[in-house]
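**Student:** Here are the chains, one letter per residue:
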Amino acid sequence: MSTVALEVAGTPVRPRGAVAGFVIRLVRDKPLGTFGAVVFLLFLASGALAGVLAPYGMNEISPINRMKPPSLAFPFGTDNLGRDMLSRILYGARLSVIIGFCAAGLATVLSVAIGVVSGYLGGRVDMTMQRFVDAWMTFPDLVILIAVVSVVGPGMVQVTVVLGLLYGIAGSRIVRGAVVSVRENLYVDAAQSLGAGTPRILWRHILPNVLPPVIVLFTTRVGVVILAEAGLSFLGLGVPPPAPTWGGMLSGSGRAYMYQGPWLALAPGLCLTLVVYAVNMFGDALRDLLDPRMRGTR
Amino acid sequence: MATYVVQRLLALIPTLFFASLIVFVTVRLIPGSVIDLMLSQNDIAVGKDRAQLEAALGLDRPVHVQYLRWAGAAVRGDLGRSLWQNTPVTAQLVDRLPVTFELGALALTVALGLALPIGVYSAVHQDTMGDHVVRSFSILMLAIPGFWLGTLVMVLPSIWWGWSPAIKYVALRQDPWANLAQMVVPAVILGTSLSAFTMRLTRTMMLEVLRQDYVRTAFAKGLSPGPVVVRHALRNALIPVVTLIGLQAPLLIGGAVIMEQIFVIPGMGQLLLEAVGQRDYPIITGVFLVLGVCVMLINLLVDLSYGVLDPRIRYRA
Chain A
1 MSTVALEVAG TPVRPRGAVA GFVIRLVRDK PLGTFGAVVF LLFLASGALA
51 GVLAPYGMNE ISPINRMKPP SLAFPFGTDN LGRDMLSRIL YGARLSVIIG
101 FCAAGLATVL SVAIGVVSGY LGGRVDMTMQ RFVDAWMTFP DLVILIAVVS
151 VVGPGMVQVT VVLGLLYGIA GSRIVRGAVV SVRENLYVDA AQSLGAGTPR
201 ILWRHILPNV LPPVIVLFTT RVGVVILAEA GLSFLGLGVP PPAPTWGGML
251 SGSGRAYMYQ GPWLALAPGL CLTLVVYAVN MFGDALRDLL DPRMRGTR
Chain B
1 MATYVVQRLL ALIPTLFFAS LIVFVTVRLI PGSVIDLMLS QNDIAVGKDR
51 AQLEAALGLD RPVHVQYLRW AGAAVRGDLG RSLWQNTPVT AQLVDRLPVT
101 FELGALALTV ALGLALPIGV YSAVHQDTMG DHVVRSFSIL MLAIPGFWLG
151 TLVMVLPSIW WGWSPAIKYV ALRQDPWANL AQMVVPAVIL GTSLSAFTMR
201 LTRTMMLEVL RQDYVRTAFA KGLSPGPVVV RHALRNALIP VVTLIGLQAP
251 LLIGGAVIME QIFVIPGMGQ LLLEAVGQRD YPIITGVFLV LGVCVMLINL
301 LVDLSYGVLD PRIRYRA
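Protein chains in written order, with our numbering: chain A, 1 to 298; chain B, 1 to 317.
There may be inaccurate statements among the hints.
[To be verified] Selected chain A positions facing chain B (in silico; Cβ < 7 Å):
(1) Pro-140
(2) Asp-141
(3) Leu-142
(4) Ile-146
(5) Ala-147
(6) Ser-150
(7) Met-258
(8) Pro-262
(9) Gly-269
(10) Leu-272
(11) Thr-273
(12) Val-276
(13) Tyr-277
[Stated by the list, open to error] Calculated from the model, a selection of chain A residues having no Cβ within reach of chain B, i.e. all distances over 10 Å:
(14) Pro-63
(15) Gly-122
(16) Ala-135
(17) Ile-174
(18) Val-182
(19) Tyr-187
(20) Gln-192
(21) Pro-208
(22) Ala-243
Keep in mind the hints are simulated off the structure, nothing from the lab.
A virtual CB, placed ideally from N, CA and C, is assigned to each residue, including glycine.
If we strip away everything but chain A, and leave its shape as in the complex, we get (with noise of 0.2 Å):
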């Protein structure tokens, strides 16, 4: 008896059951999503798990072993200096989800932020937001990636955070546009004639609304963020070697090898092209299902 009140008494009451439901929903009505969410949980459990998972050290040299085609042995062969290539894909993928997850998460922190204050608040401040994000977004990805890096230095944290304040800035405008529609609610009037503080208002009102969106958002930035720090890598501006990233395999200075083994050059584009292909249906399956507004937009 007391849990019904207190369900009935708790805005907003999130339903029980809720995650299960989706899961159904999304495996009875999405099939290619439903595929991209198992690549993408591989993706995770073989990043976490890389440690457990590879055969041999990401690192670990082996002369007389160099440039060994895919057997046995070495499932994805070996590259020049004899390290086993699918060991350092595993490791790759243990960076490629710690950036992709820590650099999405703050981008979609940052969009949040920016957006709501911009959308709730509206007028001057809104203005003056919006006309800053422009500018921001004049400029190609790519090039503030380099010109940034080539300030801070190559380099994980570093890459991370300016990619997640690259893509937060960018984003912000969807948050933003999520937030004017929900601000002209009845419900927001509501809490505003009793008194409601903007904070309060914020989280409680606005917050929960746009949450779906903002969901949708961080999804679909781990991939660009993965494909922008594989980039960046391979540019040789971004996690320097030899940590063992997927872009980094790929770079220059790997493709005189690939004339001799283009198993080099295969493996890592592969599992690139899988994860981000992954993310990208999965992100649409979520769209679909969490946020059917939003349908078509990327």
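We have chain A; now place chain B onto it with these hints.
**Tutor:** This is chain B only, laid out in the frame that chain A set:
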């Protein structure tokens, strides 16, 4: 119309001011590094000490003085001199910009050449086998990183057939055919990956427009499908597609930077990466500004093209 264009151009100035300020200051946050690099290469800095070098390059002044001097010159079209070669930055940019422009224009042609016909086909033949194949392909192209595809094109044909793309750059003026043959491979890779978005949007918009009453009327009065699809439907479906081209301009330029690196094309991207390696601040700032202006101009062109596509749109200043 003319007033509108002038206003839009004037509106670029504050954006450029903020952008240049941000770049100028951040790029100089580590002032010692270019001097360290120069001191470590004895042939350039022979017989000079740190203070002399800083004074010679103007890096001994406070940052705001450096910015005002730079901005004052930039207004007159002088973006300073390279810290290493002592050549004017503007001259280097004028050298490199046409190369990147050519690559970008070719890639955009490829992207539209693929996206429009395929998008229209996909919409007209909705839910057929062809539609599914085309759409799966476009989703796949969204996921394949351009730099991986570029690397594969460099490596695999040379292993299989002993053929590889030419990497000794030939200017368009020297030998147009050799130049085009060289540019076409990176342009196709870049264009194909860009076409994926455009193709999806063209299909969506065409599906919407094909259901409109005026399209049904056109069919009802006995026009053949070709003219109806192209003149009645496609033209009305194009406005969002053109908007997307403007939004994709930064992606196009970013992709060009990577393609130039893989295919050894001496454009803006290579200039930027060389400058980053040498901490050549004036060049980094210059490249950044020019690319930003390019994106803004592309978006201005996009806005102006609405009026051509849809005569109902008027520009009010």
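**Student:** Give a verdict on every hint.
**Tutor:** Each hint tested on the structure:
A least Cβ separation of about 4 Å between A:Pro-140 and chain B falls short of the 7 Å threshold, and the interface hint therefore holds. Interface hint status for A:Asp-141: upheld, as the beta-carbon distance to the closest one in chain B is roughly 6 Å, under 7 Å. At about 3 Å, the closest approach between the beta carbon of A:Leu-142 and any beta carbon in chain B falls short of 7 Å, and the interface hint on this residue holds. Taken as an interface hint, A:Ile-146 checks out: its beta carbon lies about 6 Å from the nearest beta carbon of chain B, inside 7 Å.
Below 7 Å, beta-carbon pairs count as interface contacts, and A:Ala-147 has one with chain B at about 6 Å; its hint therefore holds. Hint on A:Ser-150 holds. Least Cβ distance to chain B is approximately 4 Å, under the 7 Å limit. At its closest, the beta carbon of A:Met-258 sits 5 Å from a beta carbon of chain B; the interface hint therefore holds under the 7 Å criterion. Because the closest C-beta pair between A:Pro-262 and chain B is about 6 Å apart, less than 7 Å, the hint holds.
Among the interface hints, the one on A:Gly-269 holds; its C-beta lies about 4 Å from the nearest C-beta in chain B, closer than the 7 Å criterion. Given the 7 Å rule on beta carbons, the hint for A:Leu-272 holds: about 6 Å separates it from the nearest Cβ of chain B. For A:Thr-273, the interface hint holds, the least distance from its beta-carbon to any beta-carbon of chain B being 5 Å, beneath 7 Å. Against a cut-off of 7 Å between C-beta atoms, the interface hint on A:Val-276 holds, since the closest Cβ of chain B lies about 4 Å away.
Annotation: interface hint on A:Tyr-277 holds; nearest CB of chain B at approximately 4 Å, less than 7 Å. Against chain B, the non-interface label of A:Pro-63 holds: every CB pair exceeds 10 Å, the least being about 24 Å. Look at A:Gly-122: its CB is around 21 Å from the nearest CB on chain B, clear of 10 Å, so calling it non-interface holds up. The non-interface label for A:Ala-135 is inconsistent with chain B: the shortest C-beta to C-beta separation is roughly 5 Å, within 10 Å.
Every CB of chain B lies more than 10 Å from the CB of A:Ile-174, the least distance being 13 Å, so the non-interface label holds. Here A:Val-182 stays apart from chain B, with its beta-carbon at least about 25 Å from theirs, past the 10 Å limit. With 10 Å as the threshold on Cβ separation, the claim that A:Tyr-187 sits away from chain B holds: the shortest Cβ distance comes to roughly 33 Å. Listed as outside the interface, A:Gln-192 is consistent with that label: its C-beta sits roughly 34 Å from the nearest C-beta of chain B, beyond the 10 Å cut-off.
The non-interface label for A:Pro-208 is consistent with chain B: the shortest C-beta to C-beta separation is roughly 30 Å, beyond 10 Å. The Cβ of A:Ala-243 lies farther than 10 Å from every Cβ of chain B, with a closest approach of about 18 Å, so its non-interface assignment holds.
Of the numbered hints listed earlier, the single one contradicted by the structure is hint 16.
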